[in-house]
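Please model the complete structure; the sequences and the hints are all you need to start from.
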Amino acid sequence: MLLHLPPLVRQHLSALRMLLVFTAVTGVAYPLAVTGIAVAAFGHQADGSLITVHGTPVASRLLGQNFALPKKNPDDPREPLRPDPRWFQPRPSAADADKGAGPYDPTYSGASNLGPDNPALVRAVDERRTAVAAFDGVAPRTVPVDALTAGGSGLDPDISPAYAYEQVARVARARGLSPRRVGELVTGHVRGRDLGFLGQERVDVVELNQDLTHLT
Amino acid sequence: MNGTLAGWLQILALVGALALSHRPLGDHIARCLTTTRHLLPERLAYRAGGVGADTEQTWAAYLRGMLAFSLVSMVFLYVFQRVQNHLLLSLGMKPVPPDQAFNIAASFVTNTDWQSYSGEQTMGHLVQMAGLAVQNFVSAAVGIAVAAALIRGFTRERTDRVGNFWADLTRVVLRVLLPLSLVFAIALVAAGVIQNFHGVRTLTTIAGGHQGITGGPVASQEAIKELGTNGGGFYNANSAHPFENPTAFTNLLETYLLLVIPFCLPRTFGTMVGDRRQGYAVLAVMGLVWAASVAVVTANELHSVSSSAGHAAGGMMEGKEQRLGIWASALFAVSTTLTSCGAADSAHDSYTPGGGGLLIFNMMLGEIAPGGTGSGLYGILVLAVVAVFVAGLMVGRTPEYLGKKLGGREMKFASLYILTTPAVVLVGSGIAMALPGERAAMANPGPHGFSEVLYAFTSAANNNGSAFAGLQANTVWYNAGLGLAMIFGRFLPMVFVLALAGALARQRPVPVTAGTLPTHRPQFVGLLTGVVIAVVGLTYFPALALGPLAEGLH
Chain A
55 MLLHLPPLVR QHLSALRMLL VFTAVTGVAY PLAVTGIAVA AFGHQADGSL
105 ITVHGTPVAS RLLGQNFALP KKNPDDPREP LRPDPRWFQP RPSAADADKG
155 AGPYDPTYSG ASNLGPDNPA LVRAVDERRT AVAAFDGVAP RTVPVDALTA
205 GGSGLDPDIS PAYAYEQVAR VARARGLSPR RVGELVTGHV RGRDLGFLGQ
255 ERVDVVELNQ DLTHLT
Chain B
499 MNGTLAGWLQ ILALVGALAL SHRPLGDHIA RCLTTTRHLL PERLAYRAGG
549 VGADTEQTWA AYLRGMLAFS LVSMVFLYVF QRVQNHLLLS LGMKPVPPDQ
599 AFNIAASFVT NTDWQSYSGE QTMGHLVQMA GLAVQNFVSA AVGIAVAAAL
649 IRGFTRERTD RVGNFWADLT RVVLRVLLPL SLVFAIALVA AGVIQNFHGV
699 RTLTTIAGGH QGITGGPVAS QEAIKELGTN GGGFYNANSA HPFENPTAFT
749 NLLETYLLLV IPFCLPRTFG TMVGDRRQGY AVLAVMGLVW AASVAVVTAN
799 ELHSVSSSAG HAAGGMMEGK EQRLGIWASA LFAVSTTLTS CGAADSAHDS
849 YTPGGGGLLI FNMMLGEIAP GGTGSGLYGI LVLAVVAVFV AGLMVGRTPE
899 YLGKKLGGRE MKFASLYILT TPAVVLVGSG IAMALPGERA AMANPGPHGF
949 SEVLYAFTSA ANNNGSAFAG LQANTVWYNA GLGLAMIFGR FLPMVFVLAL
999 AGALARQRPV PVTAGTLPTH RPQFVGLLTG VVIAVVGLTY FPALALGPLA
1049 EGLH
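Going line by line, the protein sequences match chains A and B.
Count along the first sequence from 1, then add 54; that gives the number in my numbering.
Count along the second sequence from 1, then add 498; that gives the number in my numbering.
Watch out, some of these pointers could steer you wrong.
Computed far set for chain B versus chain A, every beta-carbon distance over 12 Å [said to hold, decoys possible]:
#1 567
#2 595
#3 654
#4 786
#5 789
#6 816
#7 986
#8 997
Ranges of calculated distance between the beta carbons of each label pair, as one might list FRET restraints [to be verified]:
#9 A:229 x B:577: 48 to 58 Å
#10 B:893 x A:249: 44 to 54 Å
#11 A:188 x B:917: 52 to 62 Å
#12 A:235 x B:503: 51 to 61 Å
#13 B:573 x A:82: 17 to 27 Å
#14 A:126 x B:501: 35 to 45 Å
#15 A:173 x B:710: 26 to 36 Å
It is worth saying that the hints were derived from the structure and are not from the lab.
Small disclaimer: the values here were computed from a predicted structure and weren't measured.
Even glycine gets a Cβ: it sits at the ideal position worked out from N, Cα and C.
The structure is reproduced here in structure tokens:
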């Protein structure tokens, strides 16, 4: 029957059939095979590296979270979040950029995309420096760069060890703990570069804060 | 270990891994493209598809097959997105609007993967894996197929046949891309990339708030996204997203994956033309440009050169993730803009004027160092043809490359190839800047805003797909304009490449004499590098002067 069709039509029908073959192989069989192997061999990672408390997930250790004081009006998306002094604070997050969702919202990942000379970015950096220095009780010029800049995903779970140590005194005071013990907890969470030479040293704020809840 | 030493080691580790892969993978691809044996799965695919894989095609028939396949793919992907709300695993996502669905279909079929949408807000899992990811495989294979046809133009004589499109396409997918993707997808999951079919799971956070954890078959898509130099992220944040790129190790792995096929194809070329030194010469040009670009972008970012925000913050960490830092981000950014991949592990929009400007320049080179899968190789071979021609003019001899004379017909196709992309970029950017509404889409003031528009059209026409993502490009005008730029920037050059292949294959080879320009020596490497830089520099200088250069000299 196909032979009676004009060559141009026949060619496109063949192309469509080839596309369907590739869809079945690379679009269905392949992802299902990867999922099957992944779930069987690396179920924890495949599921999102979740941290659970009594069987209930409270976080993914890969995704940063807000550690903010409760809002005065929980229904007001415009009310800015205020950092809670009892928790280690993550980096600024651009995940909320002009969309109205909160920072660290994984359904709105993204960066600020502010240019290197954009006055709005310069202003934001200056404001963060003042605010973080006052919040942690340190000199403004000592605030590390990761505390002043938003990451690429808006979900960065990590901060620099310097920023983590900067927050120790404030967290200890707010929780009535000894700074030494909180400092030791941070030290235990400092992760070196991957394989010793890849990327940067870091502290996962989500894991750190989760372990902080066990410190009494 | 200090940061500088670690940064250098990271680059060395990447280069080492690429060097180890060069021979085996390059030779493997060459075998796939030259064998006459069909494997059982391939025979089944040909039968199911109803195509003949044994008949050699003329360049025009090869082209028709390629265009038919791409057109059908585009229509299929468009319809898929428009009806996604009726399908499985849609996660409640609405149909993608027509203009955006056109843009996305053009984007993935052309191997560009420009994204005017946010994955987690727009796409159900089924469209991601059975629509977008399928194009990640086949568009990469189409690029390699066209490159194979061009190589055959050099190796064959007195024939009008350049290969069989369906055989090339199927073999590259089944023998190269699929097995590698499978292995590396599993490796990525082991290192933390997710692979599941969950929708958004809302949990109560440690501090008592709420957070929606996204799911998806991410690892399977991530592997081919890099390997096929596609670059379309599962999520809006692309490879900056911790679920796509959870550690500095996965970051290096992804950088390796997006470079490995383009850097191995010169070996395939050298093997197929029977003179591996020719492949090494091309590889040397690619490597030189890549290394220089890595050095300049990394230095710019490390020293916050001429960025007031960088000076205020004490470093260029805006838009970069803590686990990666500047060295890893710059290495990824250079590799992704030189390969036509366009994945991003950091926000290019927030790079220094020098660093970000060079990322634009990288794409303007036409994606040849090492370029996209296949498109990088045929791109640099066309430039090699131009370089030989230039050398021929200097000494007054008829130019020849690999035993083939470069006459008027060949040079016409090469010139058309070179002119197409800049024309699309400059006309597109020019129109955008002339329209007040489109200018208003710029997110940043001053010359940086122009850089955003220039970046967008450069990225689209060169099929890169990365962005100065501040630009609000999800408008009917940008979706249509950039969609057309991607289509013209992909298929017109392919027409000229295949026509060139046909013209070369017809010729009888000319013997090598003492007067023949050797094309495997350092002299030719220098000449070709010079031609690459000069052609691009002269074409784009005015546009670069208005954007990144004005920005850096403010």
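Residue 573 of chain B versus residue 82 of chain A beta-carbon gap, inside 17 to 27 Å or not: For residue 573 of chain B and residue 82 of chain A the Cβ distance comes to about 20 Å; the hint holds.
Between residue 188 of chain A and residue 917 of chain B, does the beta-carbon spacing fit 52 to 62 Å? The hint (52 to 62 Å, Cβ to Cβ) holds, given that residue 188 of chain A and residue 917 of chain B are roughly 58 Å apart.
Minimum Cβ distance from residue 986 of chain B to chain A greater than 12 Å, as the annotation requires: 21 Å, holds
Does the Cβ pair residue 235 of chain A, residue 503 of chain B satisfy 51 to 61 Å? With Cβ atoms ~34 Å apart, the hint is violated.
Within 26 to 36 Å or not, the Cβ separation of residue 173 of chain A and residue 710 of chain B? Given about 33 Å between the Cβ atoms, the range holds.
According to the definition I'm using, a residue is off the interface if its beta carbon is farther than 12 Å from all beta carbons of the partner; does residue 789 of chain B meet that for chain A? The claim stands: residue 789 of chain B keeps its Cβ more than 12 Å from every Cβ of chain A (closest is about 19 Å).
Is it correct that the beta-carbon of residue 567 of chain B has no partner in chain A closer than or equal to 12 Å? 4 Å, violated
Verify that the Cβ of residue 997 of chain B lies farther than 12 Å from every Cβ atom of chain A, and report whether the claim holds or is violated. 19 Å, holds
Regarding residue 893 of chain B and residue 249 of chain A, is the given constraint of 44 to 54 Å on their beta-carbon distance met? This hint holds: roughly 52 Å between Cβ atoms.
Please confirm whether residue 654 of chain B is truly not at the interface, meaning its C-beta sits more than 12 Å away from all C-beta atoms of chain A. Residue 654 of chain B is indeed farther than 12 Å from all Cβ atoms of chain A, at 24 Å.
Does the Cβ distance between residue 229 of chain A and residue 577 of chain B fall inside 48 to 58 Å? Distance hint for residue 229 of chain A, residue 577 of chain B holds at roughly 57 Å.
Using Cβ atoms and 12 Å as the threshold, tell me whether residue 595 of chain B really stays out of contact range of chain A. Correct as stated: the minimum Cβ-Cβ distance to chain A is 18 Å, above 12 Å.
In summary, the structure is inconsistent with hints 1, 6, 12 from the numbered list given earlier, while agreeing with the others.
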